[in-house]
Amino acid sequence: MKARRNVRVALLVAARDLRSRLRDRSALVVGFLAPVAMAVIITLATGGGGSAFHADVGVVDLDGGEIAALFVDDVLGSDDLKSVFTTVRLASRDEAEAAVGQRTLSAAFVIHDGMERITVLRAPTARIAGEIATSVAQNFAAQVSGVGQAIGLSVMATMFGPEAFDASGFRPTSFEGVDLDASDIEAIDVAALAEEVAAAPMPIELVDASTGPSSLSSASYFGPGMAMLFVFFLLGAAPRSLLAEAKAGTLARLRAAPVPIAVVIAGKGLAVAVLGFVSMCVVWAVTALAFGATWGDPLAVVVLLLAFVVAALGITTVVSVYARTEAQADGFVSIVAFVFAMLGGSFLFLGDLPPALQQIARLTPNGWALQGFMTLTADGGGVLSVLGPVSAILAFAVVAFAVAVPGLRRWTST
Amino acid sequence: MIAALLGANLRRLVRDRTSLVFIVAVPFLLILIIGVSSPGGAGDGGRPVALVAPAVEDGPAARLVASLEADPGLDVTRFGDVDGMTSSIRRRIHVAGVVIPADMAERLNAGETVEVAFHTDPSGMPPLEVRTAVAQAIARVGASLRTVQVVANRTGIAPKAVLAASASMPSFGATEVVAETVGVAGRTLPSGFAYSAPAYLVLFMFINTLVAAWGLPADRERGLTRRAFAAPTGAAAVLLGEWGYRLLVALLQAGLIVVVGAVLFGVDWGHPVAVAAVVTSFALTATGASILLGSLARTPQQVTALAPPIGIVLGMLGGCMWPLEIVGPTLRSIGHATPHAWAVGALTRVVGGGAGPADVAVDLWVLTGFAAGFLLVAFLVFRRRLLSARG
Numbered sequence: 036m037k038a039r040r041n042v043r044v045a046l047l048v049a050a051r052d053l054r055s056r057l058r059d060r061s062a063l064v065v066g067f068l069a070p071v072a073m074a075v076i077i078t079l080a081t082g083g084g085g086s087a088f089h090a091d092v093g094v095v096d097l098d099g100g101e102i103a104a105l106f107v108d109d110v111l112g113s114d115d116l117k118s119v120f121t122t123v124r125l126a127s128r129d130e131a132e133a134a135v136g137q138r139t140l141s142a143a144f145v146i147h148d149g150m151e152r153i154t155v156l157r158a159p160t161a162r163i164a165g166e167i168a169t170s171v172a173q174n175f176a177a178q179v180s181g182v183g184q185a186i187g188l189s190v191m192a193t194m195f196g197p198e199a200f201d202a203s204g205f206r207p208t209s210f211e212g213v214d215l216d217a218s219d220i221e222a223i224d225v226a227a228l229a230e231e232v233a234a235a236p237m238p239i240e241l242v243d244a245s246t247g248p249s250s251l252s253s254a255s256y257f258g259p260g261m262a263m264l265f266v267f268f269l270l271g272a273a274p275r276s277l278l279a280e281a282k283a284g285t286l287a288r289l290r291a292a293p294v295p296i297a298v299v300i301a302g303k304g305l306a307v308a309v310l311g312f313v314s315m316c317v318v319w320a321v322t323a324l325a326f327g328a329t330w331g332d333p334l335a336v337v338v339l340l341l342a343f344v345v346a347a348l349g350i351t352t353v354v355s356v357y358a359r360t361e362a363q364a365d366g367f368v369s370i371v372a373f374v375f376a377m378l379g380g381s382f383l384f385l386g387d388l389p390p391a392l393q394q395i396a397r398l399t400p401n402g403w404a405l406q407g408f409m410t411l412t413a414d415g416g417g418v419l420s421v422l423g424p425v426s427a428i429l430a431f432a433v434v435a436f437a438v439a440v441p442g443l444r445r446w447t448s449t
Numbered sequence: 274m275i276a277a278l279l280g281a282n283l284r285r286l287v288r289d290r291t292s293l294v295f296i297v298a299v300p301f302l303l304i305l306i307i308g309v310s311s312p313g314g315a316g317d318g319g320r321p322v323a324l325v326a327p328a329v330e331d332g333p334a335a336r337l338v339a340s341l342e343a344d345p346g347l348d349v350t351r352f353g354d355v356d357g358m359t360s361s362i363r364r365r366i367h368v369a370g371v372v373i374p375a376d377m378a379e380r381l382n383a384g385e386t387v388e389v390a391f392h393t394d395p396s397g398m399p400p401l402e403v404r405t406a407v408a409q410a411i412a413r414v415g416a417s418l419r420t421v422q423v424v425a426n427r428t429g430i431a432p433k434a435v436l437a438a439s440a441s442m443p444s445f446g447a448t449e450v451v452a453e454t455v456g457v458a459g460r461t462l463p464s465g466f467a468y469s470a471p472a473y474l475v476l477f478m479f480i481n482t483l484v485a486a487w488g489l490p491a492d493r494e495r496g497l498t499r500r501a502f503a504a505p506t507g508a509a510a511v512l513l514g515e516w517g518y519r520l521l522v523a524l525l526q527a528g529l530i531v532v533v534g535a536v537l538f539g540v541d542w543g544h545p546v547a548v549a550a551v552v553t554s555f556a557l558t559a560t561g562a563s564i565l566l567g568s569l570a571r572t573p574q575q576v577t578a579l580a581p582p583i584g585i586v587l588g589m590l591g592g593c594m595w596p597l598e599i600v601g602p603t604l605r606s607i608g609h610a611t612p613h614a615w616a617v618g619a620l621t622r623v624v625g626g627g628a629g630p631a632d633v634a635v636d637l638w639v640l641t642g643f644a645a646g647f648l649l650v651a652f653l654v655f656r657r658r659l660l661s662a663r664g
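Sequence order for the protein chains is A and B.
In this text, residue positions in the first sequence follow my numbering: the first is 36, and each later residue adds one.
In this text, residue positions in the second sequence follow my numbering: the first is 274, and each later residue adds one.
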């Protein structure tokens, strides 16, 4: 009977608090406008706008021979490279340098006379194109020297016989009977050998495979990331208003009321928790409706959000409860919100951080929640797949409330 | 009078340890994170690629792994199994995965063609440049194996012996590859720390300065401002005192970030005069915005509630979170309506590209314009508030 009355009182306090908070326009900005604006900006900035890599490169053939033609037509003209490079033929090195310098081309190949050298002209602004171009040229050089090596090995084998080769390489046991003027050497048909090498099938092939589609996107990552940052600011209002009431003495007066003071505090907490949860859901809805970003299994998302709101309420309470002034409480909440958001990966994609910092992210509820959201979108898991993150987040809540209780007692007793 | 207001504000700051933590510790922590997460700074790492390969010391698989790891365009991380690799790609931690079969050497010996799998997330953008780099590495190893096979077939020597011999064999007709960089490196987009340090300096300088505006409505509530205004000085002097204090704090914070960045993380901030000019003009802008917010707000709570979201939204639009070069033209134009975009743009050119004061003159003019505009509006609002408060 008493318990039911207490719940009713807590709900009444929550409803009254919620109404007054909704009248405060800055709460609307912090809770709804700001996270939604941020989710929209992030999605517009990092989603959709990207395009597949492609670069224009030049080629200058100063050799004009067969092998150079092989490079221009068969290598640069291959299907593999056509998907990343569009090749333009240029007459001179100067022309190529000017085009790369003016950034009309990302890189250029200059094939020198006699195939002695391939110079790759790179633009400092197009690092990736430069790396690929260099790699392509080096690879071609390796192919050419492969033919040269085949010739060299064939000559050795002809001169010294197969018995000069063993598992550790070329080991001629004796030079006796080695005919240095062997007409056999001349008998090696270099062109035929080169052709044979070029015609032989490549023993290693690259085949494409799929990991299966992932629904992780910048909106589904930074959406919850930003929502979590602002929930802290929103929830900080509850302990701050308690602090104000404690100072004004109204909190102590409540002790005379026929309900435990904990019920009133719970009611105030419930009000901001509802506000925080709704704020996160608004960000969720906006990213889903406007950008088609999914946050994953809805039930699992709700569980994660609820756990996070409880933890954030505990943390904002514990940092406010030991503040002396409201301004100080605000400052503490801001610091915790920013530090947790930074360490937890709200600003920088967790995957971009080095392993050590990815571990540090687990010291924050934000980091755990983002891990949970990533599991939902990347692996398409359900509630069971986020039980780990949810328990970790709730552990933060339990510790925070346990530390906050003595502070709350002090407030209400004075 | 101005000095007295300045002194009073500074004393309040020193007593308020929370603000000090925010001014000193938060940017410091951020620099630490950025500094640690981008070792070497200037984006010299390649694209992140996951690799599953047999743990062998030599043989074709080991050579292929070495070839992949040596590619400057790739940053290879080894995984124990395909599931772990797949999960990492689906989380966008790695852009692609390469799986080298465990029995590669045996199958090559048996004369079979070995397939190396290139895993990508079909819902993402195909990383063509990574695929090309991997294909090149495979072609390099494949070409030498092919040569060995052809020679072994012709001579009847065991492939293993030919392979061992080819390692010590000088090649005929080798082609040398030389890479040359053309153009001014100064035009490059700085990455890693060279981008993050100036971007976060701008972001936090603005947010902190904006939050510091809570003092204005707080003073008004306590009647301090009115009393100061009653002295024979006028609104301009009161405003100057408030503004000077915030400017001082903003500059101190910026100086701290610059020094910590340079000493602890070896950031080369470039031309000192150019950096100082950009930082100072942005500090003027931020303090102008702060005074404006402080004059508009009715309560200190409004300031502390609104300042962080305003600061973050403007920072995002202005390129503090990611380079504006990667966003579409519309968002880039919108971004340049914020002072942040001009400050970050100028600073990154100075820090990453060695630009001097003359190269950032336009940005300085724009920032000064922002500062003048904010201060003018702030003065008008502040004066009206004071007059109405007095009345």
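Because the hints were derived from the structure by calculation, they are not lab data.
Even for Gly, the Cβ is constructed at its ideal location relative to N, Cα and C.
A few of these clues could be false.
[Unchecked claim] Each pair of labels, with its calculated beta carbon distance range: (1) A:Pro197 with B:Gly353: 39 to 45 Å; (2) B:Ala431 with A:Pro390: 41 to 47 Å; (3) A:Tyr357 with B:Val650: 37 to 43 Å; (4) A:Arg444 with B:Leu537: 40 to 46 Å.
[What the hints assert, rightly or not] Reference listing, derived: stretches of chain A covered by chain B, where coverage requires no fewer than 3 residues with Cβ under 8 Å from a Cβ of chain B: (5) 45-53; (6) 242-250; (7) 368-382; (8) 424-432.
Results for each hint:
no. : hint                               : result
1   : A:Pro197 with B:Gly353: 39 to 45 Å : holds (42 Å)
2   : B:Ala431 with A:Pro390: 41 to 47 Å : holds (44 Å)
3   : A:Tyr357 with B:Val650: 37 to 43 Å : holds (39 Å)
4   : A:Arg444 with B:Leu537: 40 to 46 Å : holds (43 Å)
5   : 45-53                              : violated (count 0)
6   : 242-250                            : holds (count 9)
7   : 368-382                            : holds (count 8)
8   : 424-432                            : violated (count 0)
Checked against the numbered hints above, the structure violates hints 5, 8; every other hint is satisfied.
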